[in-house]
Amino acid sequence: LAKTTQPISMDSYEGQEVNITCSHNNIATNDYITWYQQFPSQGPRFIIQGYKTKVTNEVASLFIPADRKSSTLSLPRVSLSDTAVYYCLVGDRSGGSYIPTFGRGTSLIVHP
Amino acid sequence: DTGVSQNPRHKITKRGQNVTFRCDPISEHNRLYWYRQTLGQGPEFLTYFQNEAQLEKSRLLSDRFSAERPKGSFSTLEIQRTEQGDSAMYLCASRGGQETQYFGPGTRLLVL
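These protein sequence lines are chains A and B, in that order.
In case it helps, the working numbering puts the first sequence at residues 1 to 112.
In case it helps, the working numbering puts the second sequence at residues 1001 to 1112.
It cannot be assumed that every hint is accurate.
To give an idea of the interface, some chain B residues facing chain A are shown, with a C-beta separation under 7 Å as derived from the structure [to be verified]: (1) G1042; (2) P1043; (3) F1045; (4) E1056; (5) L1091; (6) G1096; (7) T1100; (8) F1103; (9) G1104; (10) G1106.
Here are the simulated distance ranges between beta carbons [as the list claims (entries may be wrong)]: (11) B/F1074 / A/K69: 21 to 29 Å; (12) A/K69 / B/G1072: 34 to 42 Å; (13) B/A1053 / A/Q42: 24 to 32 Å; (14) A/K3 / B/T1020: 16 to 24 Å; (15) A/S23 / B/K1057: 23 to 31 Å; (16) B/L1060 / A/H111: 34 to 42 Å; (17) B/E1083 / A/K3: 45 to 53 Å; (18) B/Q1084 / A/H111: 30 to 38 Å; (19) A/P7 / B/S1027: 15 to 23 Å; (20) B/S1062 / A/S74: 37 to 45 Å.
If you're looking for bench data, these hints aren't it; they were derived computationally from the structure.
Using N, Cα and C, we set each Cβ at its ideal position, and we do this for glycine too.
Could you build the full structure based on these sequences and the hints that come with them?
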């Protein structure tokens, strides 16, 4: 099973860069790594997706080392509105099927 | 707004009653997922459709739960003989060709 492990919580301050690391030791060869953001009482929202090396979009960067056993979501200059739960998702392809397995996520609190 | 809609947004029912939720995915997406999420936990996979075919179903899913996607477009999730433990947020997500899922706003169920 492609289980993921993330810190349960993190604290930061406005304007700082936040890095959240996810471990996924059993990632399969053709699995992508996807990060989602979730606010209370809302569905998760796609942030970024990658397969290897580095991916950057308008809101975040994703760093994936060569062995792909971990990934780091980087949020530059966070604001109060970035307070949310962040999930990394790796597809579970055991048995030939794709069953998305979310962990408990990382609760990020941004302080003024 | 991700383009995925769910109805109703909230449902309160009494124990033993049946409830049905609807999900309308992004029109060109052929893959649809249902999840359940309880407080403090990540989304838990329930079932997965590719077009109208239900390809995966969680082994944790009780026989009281059934899902359909009759024409490969919208999907319904029915819970029969609801129990208090069914109280949760029920999320739907649709997916196109890559592994990015787009989530709806969810249906919050409260069983009294």
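Taking the hints in turn, this is what the structure says about them:
The beta carbon of B/G1042 comes within 3 Å of a beta carbon in chain A, closer than 7 Å, and the hint placing it at the interface holds. Because the closest C-beta pair between B/P1043 and chain A is about 5 Å apart, less than 7 Å, the hint holds. Interface restraint check: B/F1045 against chain A, minimum CB-CB distance 5 Å, threshold 7 Å, status holds. The interface hint given for B/E1056 is met, as the beta carbon of that residue sits about 5 Å from the closest beta carbon of chain A, less than 7 Å.
Evaluation of the B/L1091 hint against chain A yields a held restraint, the C-beta minimum of about 5 Å falling below 7 Å. Using the Cβ-Cβ criterion of 7 Å, the hint placing B/G1096 at the interface with chain A is not satisfied: the shortest such distance is roughly 12 Å. Given the 7 Å rule on beta carbons, the hint for B/T1100 holds: about 6 Å separates it from the nearest Cβ of chain A. Interface hint at B/F1103: satisfied, since its Cβ lies 3 Å from the closest Cβ of chain A, which is below the 7 Å cut-off.
At about 5 Å, the closest approach between the beta carbon of B/G1104 and any beta carbon in chain A falls short of 7 Å, and the interface hint on this residue holds. With its C-beta approaching chain A no nearer than about 5 Å, B/G1106 sits inside the 7 Å limit, and its interface hint holds. In this structure, B/F1074 and A/K69 break the distance hint of 21 to 29 Å, their C-beta atoms being roughly 39 Å apart. In this structure the hint that A/K69 and B/G1072 lie 34 to 42 Å apart at CB holds, the actual value being about 37 Å.
One distance hint, 24 to 32 Å for the beta-carbon pair B/A1053 and A/Q42, holds here, with the actual separation near 29 Å. Taking 16 to 24 Å as the suggested C-beta distance range, the pair A/K3 and B/T1020 does not conform, at roughly 33 Å. Distance hint check for A/S23 and B/K1057: the Cβ-Cβ separation is about 28 Å, which falls inside the suggested range of 23 to 31 Å. At about 37 Å, the CB distance of B/L1060 to A/H111 agrees with the hint of 34 to 42 Å.
Checked against the hint of 45 to 53 Å, the C-beta distance between B/E1083 and A/K3 comes to roughly 28 Å, which is inconsistent with it. For the pair B/Q1084 and A/H111, the supplied restraint of 30 to 38 Å holds, since their beta-carbon distance comes to about 37 Å. The hint said 15 to 23 Å for the Cβ distance between A/P7 and B/S1027, and at roughly 38 Å that hint is violated. Range check, B/S1062 to A/S74: Cβ separation about 40 Å, and the 37 to 45 Å hint holds.
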